[in-house]
Amino acid sequence: MKNIYFALITLIATLHSIALPKDSSNIVDYCKKNKDTFIAIVWPITQGKTQEIETLFSHYGKICFKRTMKLSEETAYHILQESHYNNSQAVRDMDAHFAWYFPKGVLDNSAKIYVIKASSLSKILKCKYAIRKLFNLQYRAVHINDTHKETIALAKVLF
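The numbering of the sequence shown is my numbering, which starts it at 1 and goes up by one.
Careful: at least some of the hints might be erroneous.
Quick list of simulated restraints, FRET-style, between CB atoms [as the list claims (entries may be wrong)]:
1. Arg92 with Ser122: 26 to 32 angstroms
2. Gln51 with Leu137: 15 to 21 angstroms
3. Asp93 with Asp29: 32 to 38 angstroms
4. Asp36 with Glu73: 31 to 37 angstroms
5. Met69 with His97: 18 to 24 angstroms
Taking lysine-lysine and the DSS-like style, the derived pairs with C-alpha atoms no more than 27 angstroms apart in a straight line are [unchecked claim]:
6. Lys70 with Lys133
7. Lys123 with Lys133
8. Lys133 with Lys112
9. Lys156 with Lys117
10. Lys126 with Lys33
11. Lys32 with Lys117
12. Lys35 with Lys123
13. Lys33 with Lys62
14. Lys62 with Lys123
15. Lys66 with Lys32
16. Lys133 with Lys117
17. Lys49 with Lys112
18. Lys156 with Lys32
19. Lys133 with Lys104
20. Lys35 with Lys62
21. Lys156 with Lys33
22. Lys62 with Lys112
23. Lys123 with Lys49
24. Lys112 with Lys123
25. Lys149 with Lys32
26. Lys123 with Lys156
27. Lys70 with Lys32
28. Lys149 with Lys117
29. Lys123 with Lys149
30. Lys156 with Lys112
31. Lys133 with Lys62
32. Lys62 with Lys117
33. Lys123 with Lys32
34. Lys33 with Lys149
35. Lys49 with Lys133
36. Lys126 with Lys112
37. Lys70 with Lys156
38. Lys49 with Lys104
39. Lys126 with Lys32
40. Lys112 with Lys149
None of these hints come from the bench; they were simulated from the model.
Ideal placement from N, C-alpha and C gives every residue a C-beta, glycine not left out.
Turn these sequences into a full structure, and let the hints guide you.
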């Protein structure tokens, strides 16, 4: 009986490790297959409080993958543009918006990128607002997408 129990535990652990991406090479496929995934971008203006942020992600969902990413001006502009692409209120002046998100010297810091799995959009929205409240930077602290289509689009840009 112990051998069956051990085999079952080993199988579950193996399946669990296969289910979560281990590196960025298969993140896009993972996001495509898992409709309950969201991409969170903790912008470079947001420094510190990583433990608090990750605690919030874990409270409202599950962190499936994380990475830090040094952004050039061009990359930051492209990611900002992509993250606002489906915004119901289109950004009228992206250059001004970029300057507001990335004041001088901010790009010396890295962005933190997360793939989060959550059971509902309402949980993700609560998480997003809780992280924004930590920093008092309005919505510049974090971007978390709202739709699965946006998850896939951002995953293709970020991974």
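27 angstroms limit on alpha-carbon distance, applied to hinted pair Lys35 and Lys123:
15 angstroms, holds
Assess, step by step, whether the Cα of Lys32 is no farther than 27 angstroms from the Cα of Lys117, and give holds or violated.
12 angstroms, holds
Does 26 to 32 angstroms hold as the CB distance between Arg92 and Ser122, or does it fail?
29 angstroms, holds
Restraint status (C-alpha distance of Lys156 to Lys112 at most 27 angstroms):
16 angstroms, holds
Is it true that the CA of Lys133 sits at most 27 angstroms from the CA of Lys104?
Holds. Lys133 to Lys104 sits at ~23 angstroms (cutoff 27 angstroms).
Within 31 to 37 angstroms: is that where the Cβ-Cβ distance between Asp36 and Glu73 falls?
33 angstroms, holds
For the pair supplied as a hint, Lys62 and Lys117, is the alpha-carbon distance within the 27 angstroms limit?
Holds - the C-alpha atoms of Lys117 and Lys62 are around 5 angstroms apart, at most 27 angstroms.
Pair hint Lys49 and Lys112, alpha-carbon separation not exceeding 27 angstroms
12 angstroms, holds
Take a quick look at whether Lys35 and Lys62 sit within 27 angstroms of each other, Cα to Cα.
Holds, because 14 angstroms separates the two Cα atoms, which is no more than 27 angstroms.
Would you check the hint for Lys66 and Lys32, treating anything up to 27 angstroms between C-alpha atoms as holding?
With a Cα-Cα distance of about 17 angstroms, the restraint between Lys66 and Lys32 holds, given a limit of 27 angstroms.
Would the hint linking Lys126 and Lys112 be met if the CA-CA limit is 27 angstroms?
19 angstroms, holds
Restraint status (C-alpha distance of Lys49 to Lys133 at most 27 angstroms):
This hinted pair holds, its Cα atoms lying about 12 angstroms apart.
Every hint from the earlier list agrees with this structure, and none is contradicted.
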